[in-house]
Structures are given as structure tokens and as C-alpha cells.
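Protein chains: 6
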Amino acid sequence: MSASPALPPAHVLDRVIRGALQEDLGDVGDLTSLFTLPVGATAKATFRARASGRVAGAALLPAVFAALDPAVRVRLVAPDGSDVAPLDAIAEVSGAAAGVLAGERVALNLLCRLCGVATLTRAYVAAVDGLIARIAHTRKTTPGLRALEIYAVQCGGGSSHRFGLNDAVLIKDNHVAVAGGVGPALMAVRARAGHMVHVSVEVDSLDQLAEALRYSPDVVLLDNFSIPDLERAVRLVGSRCVTEASGGVSLESVRAIAETGVDVISVGALTHSAPALDIGLDVGKQE
Amino acid sequence: MSASPALPPAHVLDRVIRGALQEDLGDVGDLTSLFTLPVGATAKATFRARASGRVAGAALLPAVFAALDPAVRVRLVAPDGSDVAPLDAIAEVSGAAAGVLAGERVALNLLCRLCGVATLTRAYVAAVDGLIARIAHTRKTTPGLRALEIYAVQCGGGSSHRFGLNDAVLIKDNHVAVAGGVGPALMAVRARAGHMVHVSVEVDSLDQLAEALRYSPDVVLLDNFSIPDLERAVRLVGSRCVTEASGGVSLESVRAIAETGVDVISVGALTHSAPALDIGLDVGKQE
Amino acid sequence: MSASPALPPAHVLDRVIRGALQEDLGDVGDLTSLFTLPVGATAKATFRARASGRVAGAALLPAVFAALDPAVRVRLVAPDGSDVAPLDAIAEVSGAAAGVLAGERVALNLLCRLCGVATLTRAYVAAVDGLIARIAHTRKTTPGLRALEIYAVQCGGGSSHRFGLNDAVLIKDNHVAVAGGVGPALMAVRARAGHMVHVSVEVDSLDQLAEALRYSPDVVLLDNFSIPDLERAVRLVGSRCVTEASGGVSLESVRAIAETGVDVISVGALTHSAPALDIGLDVGKQE
Amino acid sequence: MSASPALPPAHVLDRVIRGALQEDLGDVGDLTSLFTLPVGATAKATFRARASGRVAGAALLPAVFAALDPAVRVRLVAPDGSDVAPLDAIAEVSGAAAGVLAGERVALNLLCRLCGVATLTRAYVAAVDGLIARIAHTRKTTPGLRALEIYAVQCGGGSSHRFGLNDAVLIKDNHVAVAGGVGPALMAVRARAGHMVHVSVEVDSLDQLAEALRYSPDVVLLDNFSIPDLERAVRLVGSRCVTEASGGVSLESVRAIAETGVDVISVGALTHSAPALDIGLDVGKQE
Amino acid sequence: MSASPALPPAHVLDRVIRGALQEDLGDVGDLTSLFTLPVGATAKATFRARASGRVAGAALLPAVFAALDPAVRVRLVAPDGSDVAPLDAIAEVSGAAAGVLAGERVALNLLCRLCGVATLTRAYVAAVDGLIARIAHTRKTTPGLRALEIYAVQCGGGSSHRFGLNDAVLIKDNHVAVAGGVGPALMAVRARAGHMVHVSVEVDSLDQLAEALRYSPDVVLLDNFSIPDLERAVRLVGSRCVTEASGGVSLESVRAIAETGVDVISVGALTHSAPALDIGLDVGKQE
Amino acid sequence: MSASPALPPAHVLDRVIRGALQEDLGDVGDLTSLFTLPVGATAKATFRARASGRVAGAALLPAVFAALDPAVRVRLVAPDGSDVAPLDAIAEVSGAAAGVLAGERVALNLLCRLCGVATLTRAYVAAVDGLIARIAHTRKTTPGLRALEIYAVQCGGGSSHRFGLNDAVLIKDNHVAVAGGVGPALMAVRARAGHMVHVSVEVDSLDQLAEALRYSPDVVLLDNFSIPDLERAVRLVGSRCVTEASGGVSLESVRAIAETGVDVISVGALTHSAPALDIGLDVGKQE
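Chains as they are written, first to last, in numbering that gives the first Met the number 0: chain A, 0 to 286; chain B, 0 to 286; chain C, 0 to 286; chain D, 0 to 286; chain E, 0 to 286; chain F, 0 to 286.
Please keep in mind that the hints were generated in silico from the structure rather than gathered at the bench. Please note that the accuracy of each hint is not assured.
Copies of one chain are not kept apart here, so a pair can be met inside one copy or by any two copies together.
EDC-like cross-link-like pairs, simulated, lysine to aspartate or glutamate; straight-line CA separation at most 16 Å [as the list claims (entries may be wrong)]:
hint : residue 1 : residue 2
1    : 43        : 210
2    : 43        : 172
3    : 171       : 128
4    : 43        : 277
5    : 171       : 281
6    : 171       : 222
7    : 43        : 281
8    : 171       : 262
Isolated chain A, as found in the complex:
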């Protein structure tokens, strides 16, 4: 049984890729290729890493080029989830030069971003190696690309959180404030939510944690706890529910947080601040 992540459904890929092509090509297309390429020119090009990283998004490349020219061929060399070093090939693309060049930037924009997310996730996962803590994403994703960025987190070895507001309950400080406390908020959820909904509650102190545990949440989100408080929290919770730490997590601090024994560490930076991985497309005339 494999742990390899699954691409989002075809309708998501289709929507993202069509949107990106419409954005870059407009209604007119690639003027430069139109004006400079000899009729019938073909090209063979290689997506090649210029830095070390974890691949994510290579699986999108065939669909990007197929949307422009179904006759363009893409061969994956380093599939999603694999590691690359500088100069390593990720994929090769060949066919009519106009199609290859028209798709270059959309392909790279998707690939560099998703590899960037996967590469940063890999670093966090490596930092907690040997401990039980999983590294999870948050909802701090790029509007329109959430499904792909979550996929990239998984390619980096990270774990999933809720996808959106619609698939789990996460009671945050703002809900607690309006509802009048952790207890009233959790009681309201128990009374009103369906039986298939997972419930997490964010707490910011050990007292609030103790109150929350009286209502049997599925997850407690320990927000901005100090390391000693995290340790106390983990002991207090025991096996009663899942513990998740968030807030102020960095590559420097993540191992200490994991050593407290929390089950999950969620890191917004995986998706909101990952620098793009440097990847280029080296094009040559096709022999």
C-alpha cells in the first residue's frame, strides 16, 4: 500500500490550467512565437532544477501542454515526491516549438511554486525526523490553488488538515469570544453538528484546555503555547484526543515543539511563504 499523494480531481486541474493559460495568452496567444518561429519548427526541452528540492506538480505538465497542443509529448523524469539536485531533469517536453514555448511560463509558474511548497515541507518534516509529530498545512493557501498546494505539502511528506470551512469544525478564539466561552461553543456544536463532523477547538491556556477536554473534542489546537506548557498539555490530554500545536513555528523551533510529544504541528508558512524552487526550461531545436 502506497503513501503517495493523489492529484486533485481532473476538474480542478482543468480549471486551474485553463485559467492560467487564459491569463497568460489572452485571446491572442503568444505573439513572440508567432512572429519568430519558422513554420513547422519543433523543439525538445527539459525542465531542469537549478537548486535542490522536492518535486511536486510535474504531474500537471502533460495537461498544461495538451491544453495548447495535444500533439506535444511530455515525459516525466523525476516524478512528484522525488528529490532533485541542481541540473537534474524533472521532465522533457517535445513537439511543435510554438506549443512548447507558449506553455513554458504557465508550466514553470505552477511547477516552481509547488516544488517550493514541497521543498519547504520536506525541511520541516526532516527537522522532526524520528518523532511522532506530523507536519500539517493550514488554510493559509493561495486563493485558487489550495488543492494543489495541499498536494504539494503531501509530496513534501506533510499531512493534511481540513480543506475548508465546510469539512470540519475548528472553533477558534473568535468563535469562543462570540459564543461566550469554550464550553458554550463546544456544547452548541455537540447539539447542532451532524455525526460525521470532526471537531477541533483552539485553546490558548492550560485552563482553557482543561475546560475544552470536558466536552470530548476530537482535536485540541494548542495555540502559541510555550514549550513547558505544551509538555503539560500533552500530559494532560493523554490519549483522550489529538493534540496539535500551532503559532510561532519555524524551522528553528519545530523540533523542540515536536519533542513535547504533540501529534501534529501545523505550519502556515508551508503555503503562504515558501519561496519558489528555481527551475528552468532548456529548449533546443528538436533533432
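Assemble the complex: chain A is given as a structure, and chains B, C, D, E and F must be docked to it using the hints.
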């Protein structure tokens, strides 16, 4: 006359915001607010910077919340293009708590990213202060968000480049390779392009530059030139066309590049690797 | 705190209503009104029940007519969740006769269907009155209308299940067959699913139930159990997880099933076979 | 020459199927299959009737599965328009287990509903066997699915009515009320409608019928007439136009209505209240 | 009672206008206005005819500008269906100069085309003044604009034909050829079509007309008949059905055709070859 | 190297063709073919010119028919850019008669319009034969079809102008009026526009031209100049920028305008008033 940037057209904002809300809320909506908020609860909340930066995207906030609940009110405190310090308010939002909380994450995801782009741009612009060089974006943008990211670059004091493949000619190394040289490529463009198309050509050596200048391009893109070669190139070009430097630009290197006298420095990192600006939404019950 | 259900997000209502109007009006519009109505004719009309039932979908009426003519006014008389008897008014609509008549059928098609779902749900809920069992919907909904039909179930007093394949794990017989047993399937889920995912497993025998319980599912779905086996299953589970019964549930059998003590009874017929509630629109010239 | 009904155009099928898959899979996909299925698992499954009925919608199955995984194969066993008994196979689907299982519910939701409509129509058609009356649908269809439901009515042996407000004139009581009588309404139509528009008028008494006939409508819709009045109406009309009966039609009453000699009997229940046909998907590992 | 034509439904206007604005503004907007207009500049502008014609499409102007800037105001001076001479004002628009100028070309492109269609239709209608023949459009319309062009034909005094393939039967020579004759084709339609479908048949000779009349079509389309044959055809048909002439109709020939007594003359040129009416937008600074 | 124009991107073709089919077929399809064609009937048909002209749009035909029936085959006989005389075949289409006939009108509506544009452009281009002037389109295009109409202009030998408001600056009289003169407008552009934007300015007198030239525009648009003034303007400009003439251009006047030596003549009539080329589809049963 103002230099303040203009928001993309309404249909672009509408497309991005609807897409982001569909992504985060699905067909179901915000389960947590539904289950925890008392009927009729209202909230007043403040978008507040947690780090110093340049604001971009605050102008989107009214449309985000209006798409959820037309009765929610947004008041902009720090408009796009202004600077904020930690704890400064950017905007206030008030109305039904369900609408305020359902829009929180989409609003923040847009705002933090665009402020991040503007803030990084501001740093590059400041680094070349007093010199003639403009800092420009590239097409290395987030798929689906290009118009907004370019707007954020402008809020940061940056300048525009071409938007897509369809609105200007930029002959890159790959076109040159397939066309058989800078000269043939430029000649083909002159023969085939309409009279309203701007033409830029990328060159990677002084020799190639000299060849390019024989065909009167509107812009020469000096790719990965050393500082001495940039100086020579600027002298060689004189006032014949616009000079643009790109490749290997960082906050450390940008001033030296600008001191060569180039007109434009294009920086992919402005959009592909800007970390999000840290901004929070502090929510209280509305008095 | 209210248990009243929340309408799906505005983008869902907008999509359904626009689609329905495009379908009924085409690109041409309402030929009959165009040809027969005097210029400037106005009308006042009443949506009136012709049978007893529970109202759901009245809250959509303002948006239906506003999409045709923003000047048409809708006044809700019997809001969603209320009960109506024959001849009771549900809502009144007034304005230009062309707008009122053009929206009549789309409005009724939505209203009659959703009231039908709510009314059938109400009957199931009444049948288990005083017992702990909740009546829940399934995913056997009308393509395109799931969010609205789930809302109608809630208006009828029913409870929610998972919305789609993407928001919870429900291991069914087919997954068990391919995975090689309940145990392997649950172990795989535990190893691979994120910490925010609820897990339910369908079992069809007490033996399979016993195996499932070893893996601490959040819910066990007791499929097509006899009443005695349901009683044994409820005792076996105790408070370890939620129990859900499904299969062969009818208005005749549901109380006996509920008396076994199961927590949830899911009923596909609520959405796949509810007859429409008979509702008419009585139109008069506006005085 | 065949009387077999034609599927709606490809763009309609595409819109319905994509919408249904987006609704059920969201942006994430089928979590359960993702977590439980071994890599490379294939499945062969059979859509099998669990009750007697008329098939409609099997022709959609290839498109449903192709939208998820073009490599999944569908073989139709009982094509649309054929009759099935319990345990009869309708179609077989085989390929990657993930694709087969992800499409199961969308496929069944479409198939069960459309077979339900066809099966109920078949019953009405059988009830008037040997008489001239055709059984026709109305516009009381499910929003978004009208074209498919009309197709299902045709698979059940029923006949078509107008599709929407845009393709024929049907003057109803409400138009008559606003226009000031049957005569003024029909005169207005004659003066203003194009020459390619069919005109039907609803009448609720023999007097109104007599008035209507003075204006040569193409169809008279006899609404809620008693059986004796229907007989009188049919005699009165003779061959001057088509007669259609509607209102209060049930499986019990339909034959008596047909025996009056009316040409068409329209039945809203065909589409607004047909229970789903019980159909299951039996999945096995592919040998 | 009015004969003024009705605008297509709001969803059609919305689709056309949004598509046109996306096409002209792209994701970026109006660069020239952005760069040249002083902040806060307002403008008042007048749509003014530069040639004589019939107005159609002025009713779209408010929606065009509202889509760009809801604060722009439009005042209609010469409503749809009225006649204008050179220099006559059609509408005035006022508000922010950026909105007025950004919408100018889309507004004019719609207005000039629709006025062109209405003006040409007016000429055909005038040419048959005093005769019974109506001038009707065909389906030879601009893809995407059919509903608006039919509306323009009506503004010009023309009459409607079928809108599309889906709202009436028109048996053309190609159907006759494949079906094996006019008789078989009409018999097949009678056997298979619903009772609400109008049936027209195209004939190209008096013999074919005689054959067609045996099957009681609603309309006979006399294609490319000579004037004497048209006269014979009209006599032959009498009051049995509507007669329509088509083929080779020009402003020169149309009166002679109408004098044969045909009911309808359909003219493809109304929509496929009408030159745009010359209209300008005169802009001034708003005082 | 070829000067043959390139089709717009696939997403544009897809959008136009799907929209046109939805418009003509609705949700129902082609009633006439459905009722009249024998089961399994095939047809072979030829698109044949009935007048002389230049072909444009034949390249769309495969996509039109594939959208209806992927098994229909299209063979291009006279490709885009070639010339046809009456009775010349343009393309042959063969396959199921239902698909061939359902696509006929959409195919012809696109083809006749685009050939009309190309044919009129060819006439203008021929009229300036031997002179340096290029014939260019304007933005006076059909809403929704701009990319295709520009392609047709290119098939006719014409040259491109800016596509939309977003890809170049063109300062028109209205901008000049609001900005306070040609000088202020051009200065504002120079200060605010990015370095990749082409700048054209419309002038209506030699004085205004002289003022404009002080700001080094890329193009001057000489609007409604007399022939002598055009000659003076061309001499005044020399090689400083591109000269474009517009306004009052007709087939009669265009050569005299071109003889003044202007570089470009833009002609709105190419797209706003080109009559459709007469083309028919001759269908036969397939042998």
C-alpha cells in the same frame, strides 16, 4: 495627476473572489460559525498588521465581504499604497458575525499575499533610491492572480512589464535558438508584427547586444550581465532604446546593478518568492 | 441559541437559480407573457400550499425574482422550517406581471421539491419522537441540488451526514472488498488520513462490527441489520463510537429501528424519492 | 425509422456531469478511496436493478466515468428504453478501482432518478394502452435536469411538451386574468407572435373553450375538467385543434380521462414526484 | 397594448456584456485612461448618430457602464424603436471619466451593430408597406448575439422566426434528401414530434408544395420561387397554412415578392450583412 | 518563414464554438433532424462558395463538428488564406447525418462572417498594392468574436492593431480633452506607463502633430486628415515614428491615402460592416 495604481477591472476581482470563496466554503459554508454563533450575533473586527509593510489588497476587502453578506460594512484605514507598522489597523469590518468570520480567511489570504508582494517591492525600490532604474515585475506570478500581483507591485512602487504573451514581443534565448539568431528573429518580427507591438529582445553578451541594436528594438533585456558588462551595455545603447537588466537580482545586488544606469531592473522574486506579510483579524462582539 | 438551519452560501444559490432560469427562459424569455400582458401590467401573487407540509426553500424566492426583475418584491409569510396546512400562504410576490409570471415555474419547481423533502423528513422525525435517534440524509441527492436538499432535510428536523466524498471517510463494502477486509482498510486510513478527518465504517454483521471496533472508528454504519442484531450491536458498541443504522428504512420500520438505541438513522428516500409538495401560485392583477 | 429518443446535446451532458462531480468530489476528491485502495487496484462492477423498471440514463454512464478517468470502460447491457427486472444488469464498468468508486454515487444518482421517471411514465403509458392519448411531461421538472428528465419521459414512452417558456405560447389562467379574458389574450398573441410559434390556451370551462376556439389555437388545454365535460369538449373541438387534459391526473384516473378521446394527457408527477428506481453497483476486484 | 419588443432576459445581457468587457479590457483594464486621466476626472458624453437610422440596443447601455462603474449614469434620449437623424442624441452618459471611456468601445460596438440591423430591417419593412407580408429574420445571425440581433430586427419592425434548432421543426432540402422525400419527412415528424411543436417545410417547386400540403404543415417555406410561381403557390395554399418566401430577397425585389400575397418574407441579410450604423461618442469634461 | 496567420488559442475557439452551439441547439438539440432522419443515416456534405472571396474560418470547422459528434470527419479543401470562386469547395464534412446537419448553421454563420471580413480586407489590400501602407483592423469588432475577426483580417492580408484597451496606449481626442492637451497626456503616459507599452496618439491637425512629436510617441494616428495634410504630416514625421491614417477610409479613397506615404491605414469597416460571403452546404446521402 496621481501615480496611484488602479485596481484590475471588476470582472477580475469578481472572478478571483468568487473562486476563493467557492474554494474555502464549498457548497456547504462555514460549519463552525453555523454551529457556534448565537442567532443575530454581530461582530466588529480589525485587520491589523503584525509586522511592518506596504499595504496592497485592502481595496478588495469590501468585495470579499459583500459577496458573503451585502450588509457587512468595511472601512479602510490604511489604503493600498500606504505603509503600516506592527499593530496598525488596515481596515475595520462590522456586521453579522457569520459573514465576518466566513470571509476572514479568504480576505487574509489575499491581503497577506498582496501586502507581501508590495512590501518586498518597496524594499527593492528603496534600494535603488535616487537612481533612475525602475523595479519591474516579471511573468513569474501566481497562476490566477497575475493582475492582482502586478497591482501589488505597483502599490510597492514598482513598475509594469508586459502582462502576458499577448501584449508585447519579448524574444528570449529559446526563440533566438529556434529562429537561428538574434538578427533573423528580429527581422521576422519586423516583417510580421503589427505596428502597435512593442519589441524587446533578450541578449546575453555584448556581441549579441550589438547585433540586436542593428534592428532597433524598443527594449534590450540584458540577461545575467556582469556589472562591468552592464556598464558597457548601457554606454553602447545610449538613448537608442530602453535597457533592462534581469537575472541574479537580489536585495544585496540591486543597487550595484542600478548604478550601471540601466533603465529597468526586472525581479521575478517580487511575485514568486515574496513571503506573506503577517496580518491578523482581531474580532470582538460588536457593542 | 437557535437550531434553525442556514442557507447554503450565496454562490450556491446564485448558481442554482441562474441555471434554472437559463434552462426555463433560454435566450429568448417568456413568450407568453411578452405577447399577452398589457404594457405596465402589475400583479400580486401568493404562493399557497395545497397540502399540509413543512416549508423549505421559501428563502430562495427573493433571489429567484430579483434575478429577473430587481423591482419585484417578495414577502415571506411562512418561513423555512414552519408548517403549513392547505390554503396557507407561504409567500407573496408583487411587481411587474412579466417578472412575476416569468419566475413562477422556477420558483415553484424549487419550492415544491424542497418542501417535499422537508415534509417527508418531518414525518420520519415525528416517527422517532422521544427517542435519541436522529434522522439523517445520505448522498442520494439530486445532482446539482445537494446543498439545497440537505438544507431541506434540516428544515424538516433532520440531521446532517457527510456532504460529499471529500469531507469524511466512509469505508463501504466495496472498499472493504478491494482493501481485503475491514481491518486492513481501517489501518490504511489510520496511517494515511489527516487528523481532521472523521472515519466511519460500514459493517454488515456483528463479527465485522467487532473487528471494526478494534480500530476505534468514529462511527459504525450498521447496514441492513435485523432489529435483534441492531440491539446487540448497540450494546456491543456502548459509548465507544456513534452508531448509525441504514438500509431498508421506511416510515413503517423506522421507529422499531430507533428503539434499538442507535444514534443515527440515515434514509436515502428523504432526497431520492420524496414527492413534491403541492403548492400553487395564485395571481391577480395588482390593485 | 426509429422512435428511440435522442440524448440531449453533448454540452448539456457535460454541464450536468461536471456539476455533479464537482459537487460530490469538491476540490479534494474521494478521501475513502484514496486512503483504502491499494496502489494499482482495479475493479469490475455491475449496475444492477433491484426492482423492475424502464431504463433511462444508462447512456450517460460512459461520460460520467470518462470525466474521472478516461481509461475506465463502460459496457451497456440494458440500453435506455429497455425493461429490467430485479437483478438484471444494466451496465458494467471496469478499470482503476479509484475511478470506479469515485464515480459510483454520481452515476447512481443520475441513473436511479432517470429510471424512476421512465418507469413511472411507462406505467401511465401502459394505463392508456390502445387509446389515442399520449402521455406528456410538463415543466414541473428538477431545476438543472429538465433536458434529461424529458429524455427519461421519452424512454418511458411518453411524449414531449414545450421545453421552456421560450419555445411555445401557453396562455394560462394567470395570463388570461391579467389580459382580461381568453379572447383578448389570443388576439394579442395573433397580433404579436411570429409565424413559427405554436399557441396553446388553457381553459377551465366549456364556455371558455368555445370562446378560445374562435381564435384557432393550435392546442386547447382542458384544465381540471370533469370526465363528462372532457367528453363534451372533445366533441366540441372535433378536428379543429389538439386537445390536452391536465390536472388531477393519477394512475387511477388516467384511463378514464383517455377514454374521453383527448389527444394528450400531461402529468406533472412524471417528473416532480417519481420515486427513484432502486439500482445498486456491485463491485468486485477485477480478476 | 404595445408592440414594442422585449429585451432578452437579464442573464443573456449579462453574458454578452461581461464577455465583451473581458475581451476588450483583459485582466488589466484601460491603460490609456489609467495613464492619462487626472484623478477624480469626470466626463459627460453623448452617443450621437452620424447617419439616419432606427435605434436598437440603447437599452443595453446602462448595463454596460454599470458593469464597469455602478456610479456612472446613463440617460436614454432616443429609446429602442425610435428613429434618429444625423447629430441626434441617442443617450447621455456621465460619471467618472475612467468608467465612461473604458466602456465606450464595447457600448458602441453593440449599439452600432444592433442599430445597423434595425435600420436595414426598417428599410425592408418600409418596402412592403401596406401589404400583408411580414419581414422576418433567419438563423443567419452572429454567433453569441442571436437574441440581441432578433431583438434589433423587432426594433426595426420585423417579425420573429424560430430562434434555434430546438424550438420548431423546419424541414429543409437536406432533411428531405436524407429522409427520402417531403412526404416521408412530414409523416415522420407527425409520428414523432410532440403536440406543441410548430412544423414548417421548405419546398422548391409547386409539385413539392402540393405534396407537402397533404400533411397539413403549419408553414410552407417557398424557397427561391419565381414571382409567378409564388403567386400560384399562394393561391394553392389559400388559408390552409402560413406561406413564407425566402431566397434571393433584396431591397429591390422584396416588394414584388410581397405583392404575391405571401404571409412572411424571411431575409438573412438583416443579420448577416447589415452594415453598422455610424454612431459616435462625444465626450467633454463634466462641468 | 511564413506569414500565414495563427488561429487564436484553443480556449478561445472552444469558448466561441460552445457558446454558438448552446445558442442554436439549446438544451434540446436539433428537433428536425431528430424527427426526420432515419436511424443510422449518414451524410457527406460540401461547404461551397457561391461568390468569389478569401477563405477564413475553415480551420474552425473540425472543432465545430467534433463538439457535436467526434466521429464526424472534416476535410479542408481551400484552407484559410486561399481564394475561392463560385462553386469552389471549401471543405467536406462526412459522418452521421444528425451531427452534420446539427452543426451546419453554426459552421456557416462563423465561416460566412469570417470569409466576409477576409474578402473585404483583401479588396483593401489590393487597392494599395505596391505601396508601403498596411491595411489594419480597429477595435470596431463584433463583441465576442474579436480574436477571430482579427484572424480573418490577417487571412485577408491585413495587419494587426492593438487587440484591446489593455495591450497598448492609444490617446484619443477624448483623453486629450480630459487631460488638457496632447502634451500633458503624453507626459503623463511617459511618467506612468511601463517600459513595455507602445504609445500611439491621435491628432487631428498638423499643429497637434507637431506638439505630439515633441514627446516621441511610437505611433501618430492622423485622424480625418485631408490628403494634402496627410502628405505634410508624413514629411513632418519622417522616420521619427510610425504614421497611421484613419477616418473616412473607403475602397474608393484608400489608394489616394496610401499614396501619401503613411505606414498604416486602419479601417473599421473591415469588421463592422463586411457583408457575409455567400457559402452553402450541399448535403447528400453518403454513398
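To see whether the hints hold, each was checked on the structure:
1. In the homo-oligomer, the alpha carbons of residue 43 and residue 210 never lie at most 16 Å apart, since the shortest distance is 63 Å inside one protomer and 26 Å across protomers.
2. In the homo-oligomer, the alpha carbons of residue 43 and residue 172 lie at most 16 Å apart only across protomers (14 Å), although the nearest pairing inside one protomer, at 54 Å, exceeds that limit.
3. With identical chains, the CA atoms of residue 171 and residue 128 are never at most 16 Å apart, being 29 Å at best within one copy and 34 Å at best between copies.
4. For the homomeric pair residue 43 and residue 277, neither the shortest alpha-carbon distance inside one copy (20 Å) nor that between copies (42 Å) is at most 16 Å.
5. Taking the shortest alpha-carbon separations for residue 171 and residue 281, only the inter-copy value of 12 Å comes in at or below 16 Å, while the best intra-copy value is 48 Å.
6. For the homomeric pair residue 171 and residue 222, the shortest alpha-carbon distance inside one copy (10 Å) is at most 16 Å, but the shortest distance between copies (36 Å) is not.
7. When the C-alpha separation of residue 43 and residue 281 is checked against a cutoff of 16 Å, the pair qualifies only within one copy, where the shortest distance is 8 Å, while the shortest distance between copies is 44 Å.
8. In this assembly of identical chains, the alpha carbons of residue 171 and residue 262 never lie at most 16 Å apart, being 19 Å within a copy and 28 Å across copies at closest.
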